[in-house]
Amino acid sequence: MFNRWKDILYDLTGQFARLGGIEGGNEGGSKRALVVRLDEIGDYMLWRPVIRHLLTAKALEGKELTLCGNASWRSLYEQLDVECFHTVIWVDKRRFKKDLGYRLGVLQQINRSGFEVVINPTFSRDKRHDDAIVLAAKGKQVYGMVANEENIRPYEKGYDKGMYTHLFRGPEGAMFELMRNRLFAEYVVGSSMKEMIWQLSRERLPLVDLILPEKYLVIFPGSRSARRIWPARYFAEVATYCQQQFDWEVVLCGGAGDISYANAFKELFPGNVTDLTGATGLPQLLTILRGAQWLVTVDTGSVHLAAAVGCSVTAIFNGSQYGRFAPYPRELTQTIHAIYPKEIAMDLQYPTIIRNQYTFTVDVPYDLVQPAQIIENIKPY
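Numbering (the working numbering), first residue to last: 47 to 427.
The set of hints was computed from the structure by calculation and includes no laboratory data. Heads up, some of the hints might be wrong.
Computed list of lysine to any residue pairs in SDA-like fashion (alpha-carbon distance at most 25 Å, straight line) [said to hold, decoys possible]:
{"id": "1", "residue 1": "388", "residue 2": "260"}
{"id": "2", "residue 1": "143", "residue 2": "104"}
{"id": "3", "residue 1": "184", "residue 2": "219"}
{"id": "4", "residue 1": "240", "residue 2": "155"}
{"id": "5", "residue 1": "207", "residue 2": "325"}
{"id": "6", "residue 1": "104", "residue 2": "144"}
{"id": "7", "residue 1": "425", "residue 2": "325"}
{"id": "8", "residue 1": "186", "residue 2": "158"}
{"id": "9", "residue 1": "425", "residue 2": "218"}
{"id": "10", "residue 1": "312", "residue 2": "418"}
{"id": "11", "residue 1": "425", "residue 2": "240"}
{"id": "12", "residue 1": "143", "residue 2": "101"}
{"id": "13", "residue 1": "240", "residue 2": "220"}
{"id": "14", "residue 1": "173", "residue 2": "111"}
{"id": "15", "residue 1": "144", "residue 2": "111"}
{"id": "16", "residue 1": "261", "residue 2": "427"}
{"id": "17", "residue 1": "184", "residue 2": "238"}
{"id": "18", "residue 1": "173", "residue 2": "261"}
{"id": "19", "residue 1": "207", "residue 2": "425"}
{"id": "20", "residue 1": "388", "residue 2": "286"}
{"id": "21", "residue 1": "184", "residue 2": "236"}
{"id": "22", "residue 1": "139", "residue 2": "108"}
{"id": "23", "residue 1": "207", "residue 2": "65"}
{"id": "24", "residue 1": "104", "residue 2": "135"}
{"id": "25", "residue 1": "77", "residue 2": "186"}
{"id": "26", "residue 1": "139", "residue 2": "201"}
{"id": "27", "residue 1": "77", "residue 2": "136"}
{"id": "28", "residue 1": "109", "residue 2": "98"}
{"id": "29", "residue 1": "144", "residue 2": "120"}
{"id": "30", "residue 1": "184", "residue 2": "102"}
{"id": "31", "residue 1": "139", "residue 2": "192"}
{"id": "32", "residue 1": "109", "residue 2": "88"}
{"id": "33", "residue 1": "173", "residue 2": "219"}
{"id": "34", "residue 1": "77", "residue 2": "106"}
{"id": "35", "residue 1": "173", "residue 2": "240"}
{"id": "36", "residue 1": "203", "residue 2": "55"}
{"id": "37", "residue 1": "261", "residue 2": "218"}
{"id": "38", "residue 1": "109", "residue 2": "145"}
Make a model of the complete structure from these sequences and hints.
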């Protein structure tokens, strides 16, 4: 019931924002297009290799291009892709959800900009976030994917009827997110990508003015989701093995919200630690990962940051959304290792079980993965 009341408030805010808006172009007659991407850092990293192809679409020809993006990956965009769009509207996703005044302001800005073409390349579309932006834009041509309904409550089904003029229906079953993004871009453009360069060259990365060990293991012990935390003692056990076996020192990374997890690790690990938690931005993290021997982390955006710079990764997963974000297809890379609880790993041998149980998020504790599983996977020689 509480969620329904929230949805009513969101709907009323959206309706108010759309009052008097301009449909399909502004008063001066100039043509504008909007691309909406409000999901998280890992989603952005698995989308950015296809941005440039997407923007060659005939529907966007001669248009002023605006991106509506999640502010959490703003620094990455400004380092890697800043030339792609003429303007960007950055959205604080947490405020957009909780602060109705802020939400109204964003929706009114979108509504009054007069976008003729709107593109939402998100598979797990969401009525409260990206689709609220799409609705406010009132575009004449609106491109999107047939949603997988992960973020759609039962009473919301059908809310997007008529919202999109062009809907891409991807293949049935699990598909790695980067591949799905490529198919969607090709659908909008109407032609195949000749080449998809998804890993970053050294020239795209910033210099880092830090003193780092000669050989180091990056530990990323935190997560924005409390359900994804792996015990600090497990990380410490893996790090101790790597120090003794390979003479690797430890570099701790993460955001300011991960400091408590970093401190818990340092209390348990007896070796040398360079603690950069909360001290670097995302572009700098890319450079740090490029120089690392290995990364050990849970299922976070750090996996996809590391993949983009060729860093070997062992990451702890619980089976959620299997095949969409992990494991990485072998034709892309063989350096990203996804480790699952042993019971889950047995289930994942059977496509029918995957389809019925692991298509969406599952509530399986990450600490069912044991340190020995990670240790036996780290083989750098």
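Run the distance test for residue 203 versus residue 55: straight-line Cα separation, threshold 25 Å. holds, 18 Å
* To do: Take the C-alpha atoms of residue 144 and residue 111, compute the straight-line distance between them, and say whether it is at most 25 Å.
  => The hint is violated at about 28 Å.
Agreement of residue 240 and residue 220 with the hint, judged by alpha carbon distance not exceeding 25 Å: holds, 24 Å
*asked:* Hint check: residue 77 vs residue 106, CA-CA at most 25 Å. Holds or violated?
replied: Measuring from Cα to Cα gives roughly 9 Å; hence the hint holds.
* **Agreement of residue 388 and residue 260 with the hint, judged by alpha carbon distance not exceeding 25 Å** => Judged against 25 Å, a Cα distance of about 34 Å means the pair is violated.
So if I understand the rule, the pair passes when the alpha-carbon distance is 25 Å or less; does residue 425 with residue 240 pass?
The given pair, whose Cα atoms are some 34 Å apart, is violated under the 25 Å limit.
Report task. Take the C-alpha atoms of residue 173 and residue 111, compute the straight-line distance between them, and say whether it is at most 25 Å. Result -> Status holds; Cα separation ~23 Å.
Proposed proximity, residue 104 with residue 143 (alpha carbon, max 25 Å): violated, 34 Å
Problem set entry | Pairwise hint evaluation, residue 218 against residue 425, where the allowed Cα distance is 25 Å at most | Measuring from Cα to Cα gives roughly 35 Å; hence the hint is violated.
- Item | Pairwise hint evaluation, residue 192 against residue 139, where the allowed Cα distance is 25 Å at most | Measuring from Cα to Cα gives roughly 23 Å; hence the hint holds.
Holds or violated: are the alpha carbons of residue 388 and residue 286 at most 25 Å from each other? Since the Cα atoms of residue 388 and residue 286 sit roughly 23 Å apart, the hinted pair holds (cutoff 25 Å).
Given the hint that residue 77 pairs with residue 136, does the C-alpha gap stay at or below 25 Å?
-> holds, 21 Å
This entry does not satisfy hints 1, 2, 3, 4, 5, 6, 7, 9, 11, 12, 15, 17, 18, 19, 22, 32, 35, 37 and 38, going by the numbered hints stated previously.
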